[in-house]
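Participant: Here are the chains, one letter per residue:
Number of protein chains: 2
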Amino acid sequence: MKKIILTGDRPTGPLHLGHYFGSLRNRVALQHEYDQFVMLADVQALTDNAENPEKVRNNILQVALDYLAVGIDPKQTTIFIQSMIPEIAELTIFYLNLVTLARLERNPTVKDEIKNKGFDNNIPAGFLMYPVSQAADITIFNAHLVPVGHDQLPMIEQTVELARKFNRIYGEVFVEPEALVPEDVGRLVGIDGKAKMSKSLGNAIYLSDSPDELTKKVMSMYTDPNHLKVSDPGQVEGNVVFAYLDIFDQNKAEVAELKAQYQRGGLGDVVLKKRLNVLIQDFLAPIRARRESFAKDPDAVMQILKAGTAHARSVAAQTLCKVKKAMKIDYF
Amino acid sequence: MKKIILTGDRPTGPLHLGHYFGSLRNRVALQHEYDQFVMLADVQALTDNAENPEKVRNNILQVALDYLAVGIDPKQTTIFIQSMIPEIAELTIFYLNLVTLARLERNPTVKDEIKNKGFDNNIPAGFLMYPVSQAADITIFNAHLVPVGHDQLPMIEQTVELARKFNRIYGEVFVEPEALVPEDVGRLVGIDGKAKMSKSLGNAIYLSDSPDELTKKVMSMYTDPNHLKVSDPGQVEGNVVFAYLDIFDQNKAEVAELKAQYQRGGLGDVVLKKRLNVLIQDFLAPIRARRESFAKDPDAVMQILKAGTAHARSVAAQTLCKVKKAMKIDYF
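Top to bottom, those sequences are chains A and B. Residue numbers for the first sequence, in numbering that gives the first Met the number 0: 0 to 331. Residue numbers for the second sequence, in numbering that gives the first Met the number 0: 0 to 331.
In short, the hints are calculated from the structure, not lab data. Using N, Cα and C, we set each Cβ at its ideal position, and we do this for glycine too. A few of these clues could be false.
Derived contacts from chain A toward chain B, CB cut-off under 10 Å, selection only [unchecked claim]:
(1) THR99
(2) ASN121
(3) PRO123
(4) MET326
Work out the full structure: start from the sequences and follow the hints.
Facilitator: Structure, rendered in structure tokens:
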């Protein structure tokens, strides 16, 4: 039997190139080897978007379109909606009894996020709890592997702790999952060069960007602010255009030559940006085409999610049945 | 349409006279007037009994027998098991996003309980959250009224806050419940006279006590420790036997006379205890008989719970459907 792998995204916006290189392309590859579940984490998205449910609602379809566009194949991958699996909520409630408040407050990932989101003393209880909800997401599908970045490793630790504690108290029910940390591709930097690509920073290139939007973004990329005239020597390090050429340009020799020329002086940003624009346009064109083709029939996409959700629910229900039996609350 | 009233008990032990005078007798009366839901709160019981699920499991039947024995009528009252209503868990998760951690930590009832249970810094997250779970219990059944003691008023406040916040953000779904604080009967003191009757203090007379157990408990009741000889004057205040005679003895004139005689001296504890024992035996005999009769067929009792749970679930499912529609997560 294939091992089970679980990943997902919070549907708070369309997906961008950072998602593609960080996870989507791995999912496309892994779906052949593993029994893959991909979750549209709307409940988790609501933990800090409670007052903005339209955003979550609308992005379910957008993210699903992104999945299908990059080649996640619903025949091989179960794509499902978190809120439609009540068993996850039930297991979350049971797990909450097996973890102390102090332990949740020590979680480094959550601590960072609380700081970044500026919650101060107004942390929604649900936000603090979300690692527990994630543990339920992962274990209810008996996932062996969870692809995560380094910053998410504390989440997997928390999950293993909960699965282990449950198994110790109530008897063996859960698989202890492992993190699958992808080979570091280098985090894709945003077009402003300031930080990793992220929707909230407004520095992202979306899989769904139109050719014009894409061109505009590439032409506005951060380069070397001291490279004022073509004849000036320029910096390659921290130069977003070169960072992207390293990823998109297969002609490594020419890129090396361009870097040398840029550093000597005599090579303008516009030339480089035009070269990069062609490459990203070529990369995104087939993805965009598939996306537009699926977008013509949103009902069909929702049907894919419905079928995936039904399958996911049947797996979750089987696990919860074992959970309740182990906890001796299987009354009738 | 009748107004809806919701109450319940944590199935952590059989019920005692404190429960009877504090709530059970009101439920028997209220079931005619209201559409009454009575919840066996096993999920809540697990918040501080996670490592002891047998206790919770076994007491489901015991508490149900107590209900039936005192005259809670399943034809008029929906008796149901909390863990079998997944919609409560789902709503709890949604509510957790609408309350801050700081607000939960301020809840005076929970603060007291955390102190009493000696959790120190090892507060199970689920325990801190249980007012949110209670808010879900109450509002998912659209309860207008929740009978509670004064010490539980902060729980109803928390529920009203959550219902109001949900309605404000997502649109009107929930009834804002009101507390129904019963006329103060004086908390039934335990047989040791030290505190209110409570299972954990070991000072309780159970509805299921045998005649011999009952006699033993009455004969060991705390009276006046300085009333050593029959001829000594004795204290009525703080004397458990007189506190109980005030409740169980309908002959108020005779009780007044006994009190006067006791205070003068010349009246022994044993005489009084025997009088009280007869009265409580008479009171508990029909309850015990009904209990024993139901206990002969535990399957039939579980069938009553199954039917009640099915009805409760259909009500909860209707509410959750409105909740998800309001939150715009009703995808298909």
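Participant: Confirm or reject each hint.
Facilitator: Status of the hints after comparison with the structure:
Because the closest C-beta pair between THR99/A and chain B is about 5 Å apart, less than 10 Å, the hint holds. Because the closest C-beta pair between ASN121/A and chain B is about 5 Å apart, less than 10 Å, the hint holds. For PRO123/A, the interface hint holds, the least distance from its beta-carbon to any beta-carbon of chain B being 5 Å, beneath 10 Å. Using the Cβ-Cβ criterion of 10 Å, the hint placing MET326/A at the interface with chain B is satisfied: the shortest such distance is roughly 5 Å.
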